[in-house]
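> Can you make the complete structure from the sequences, with help from the hints?
Protein chains in written order, with the numbering used here: chain H, 1 to 209; chain A, 1001 to 1320.
These aren't lab readings, by the way, just hints derived from the structure by calculation. We treat Cβ as the ideally placed atom computed from N, Cα and C, and that holds for glycine. Please note that a few of the clues may not be correct.
Facing chain A, a subset of chain H residues (Cβ under 8 Å, in silico) [stated by the list, open to error]:
no., residue
1, Glu14
2, Val31
3, Arg32
4, Ala33
5, Thr34
6, Asn39
7, Pro40
8, Ala41
9, Leu42
10, Tyr43
11, Thr44
12, Ile45
13, Phe46
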Amino acid sequence: MNIGSRYNYYDILELNSNSAHQDVTTAYERVRATYSGDNPALYTIFSEQEARELLILIEEAYAVLGNKNLRAIYDQRLLSGRFQNEELSLQAILAASKQMTTEQKPEEKKAPYVKNDRFEEEIASCALWNGDLLKKVRDYKNITTNKMSEITKINSYYVTAIENMDYENLPAPVFIRGYVVQIARVLGLDDKKVADSYMKVFKENNAQK
Amino acid sequence: MERDFQNESQDVISNTPSQKNAQLWVIASGKGGVGKTFTTSSLAISLSKMGHNVVIIDLDLSGANVHSVFGLPPHPQSIRQFFEGSKTLAELVLPTSVPKVSYIQGFWDAWTPTDISTEQIRGLVPEAKKLKADYIIVDLGAGAVEGHLEILKLADEKILISSPEPTSIEKTYRLIESFVCHSLKEHSVPEAYEHIIKTLRDHRQGFSGDHFSFRNYLKESSGIQPDYFETLLTKPLRLIVNSCRTQANTELGHSMKSVCYKYYDFKIDFIGALDYDNAVWQSIRNREPVLIAQPFTPLAGQFLATCKQLIDPKDLRAVI
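As structure tokens, then:
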């Protein structure tokens, strides 16, 4: 073992880089048993102090390799060979992992659509929501009926029916409200406002019949 | 009786059809009394059960006792005659009570202290490999004397025996160090060799705080061919931990392997832990090999597994 391998966690746990996940735990338990307590195998080779230092490294190594996400980041960095030793440390890997989880969320929300300020304003100020408007917003945000159905798990047949306000083909009003709430959420709208407004229009139209 | 034995031994030797050289297994330990002779005889018996012909060479200078394990009286023919040049090694092979296992009597007439030189070992090894057997198992005495280190270096399998006691563990590490240094001696210029010994001594005496790493040291220093370490990877030192009484003892081999890796930066191979078994000292008292007296014990199974692993590691894995 040398200084350069300070952050070679595989080397510390005496593993190959292609070891299976359960092997990591076995290896960890084995080396931990070796360097903790007063294992006779250390006799005349490692002092207590050295064993404690090794144990810290071992715990650090297991914190990375024992966690599938952290291990994946570590593997990527190790394989690319472009990273400095410090960037392979537990802290660096943890930081990278946090960054990845926080970065991913805004990325998901950013749907690939061209922003139209005027239309955005119109949406914000709109008080009366009907099927037509929902369809417009959906088209504006580049979400197909199928995609909407995929996200909300609402049958695309009902999605179309809600947009067309096609009452014959819709289930009971209590379900419709739930569907509208979900659709509004996917479209990034105020779901309560949209659903209230939509249901009002829906009831009015229904009463006329 | 004696004549019969000799005839039998001639038969065993001439019946062996194998043309290739015998495999040389050397059993060594840092400390005495950890079970080298017991392991030697047990490995030989296990190999014979697997159908191989085995010759044990007793090279324990402090007093041969392979014959005692097999319940035989010391034979007047001993390896002394080979070293004196009066007999060839093949003429010295004696049968044991176990089929396919024969042995060469060690020095037991050692009224004057005997030492085996490196030259004597270099003369012995090629002759031993020419013996008509599949495996030659050499039982060494304890400690790291030059003759021991030389025959270990020339061996096909280098097997170290340790007991779980700190005294034995300590001496096992010292033997490993001595062995590596002895082997490096040939691969380095004298100045470089002296330097590595000095560096080791400095580390041992605490002048330098860092962990010592043989491999790093060799990469940095000139005059030593580090490829020797590559052969240690393909043909590693093997470790057997004998007389284990607890689970922790059984795990000790893994720990020693890890320590060697972290401290010397080379891997040794832990091939097996042998349980402490009262049958061992009882059968030694009866002067009958324990694997013959009690062939179906877990201990016998451990030896068989160890032999299989040494002969063909892939084979064993396939069974699992």
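> Answer holds if the nearest beta-carbon of chain A is closer than 8 Å to that of H/Tyr43; otherwise answer violated.
5 Å, holds
> Would you settle whether the hint for H/Ile45 is holds or violated, based on the nearest Cβ-Cβ distance to chain A being less than 8 Å?
For H/Ile45, the interface hint holds, since the closest Cβ of chain A sits about 5 Å away, which is under 8 Å.
> Quick check on the hint: H/Thr34 CB to chain A CB, less than 8 Å?
4 Å, holds
> Does the interface hint hold: is H/Arg32 within less than 8 Å of chain A, judged Cβ to Cβ?
10 Å, violated
> Should the hint that H/Leu42 touches chain A count as held when the rule is a Cβ pair under 8 Å?
6 Å, holds
> Holds or violated: is the Cβ of H/Phe46 closer than 8 Å to a Cβ in chain A?
Hint on H/Phe46: holds, closest Cβ of chain A at ~7 Å, below 8 Å.
> Tell me if the interface restraint on H/Asn39 is satisfied: Cβ within less than 8 Å of some Cβ in chain A.
5 Å, holds
> With chain A as the partner, please determine if H/Thr44 meets the hint condition of a C-beta pair closer than 8 Å.
5 Å, holds
> Are H/Glu14 and chain A close enough, Cβ to Cβ, to be under 8 Å, as the hint says?
Holds - the Cβ of H/Glu14 comes within 8 Å of chain A, reaching about 6 Å at its closest.
> Tell me if H/Val31 is really an interface residue toward chain A, meaning its C-beta lies closer than 8 Å to one of theirs.
6 Å, holds
> Can the hint on H/Ala33 be confirmed by a CB-to-CB distance to chain A that is less than 8 Å?
The hint holds - H/Ala33 has a Cβ within 8 Å of chain A, the shortest such distance being about 6 Å.
> Any CB of chain A closer than 8 Å to the CB of H/Ala41?
4 Å, holds
When each numbered hint is compared with the structure, a violation occurs for hint 3 only.
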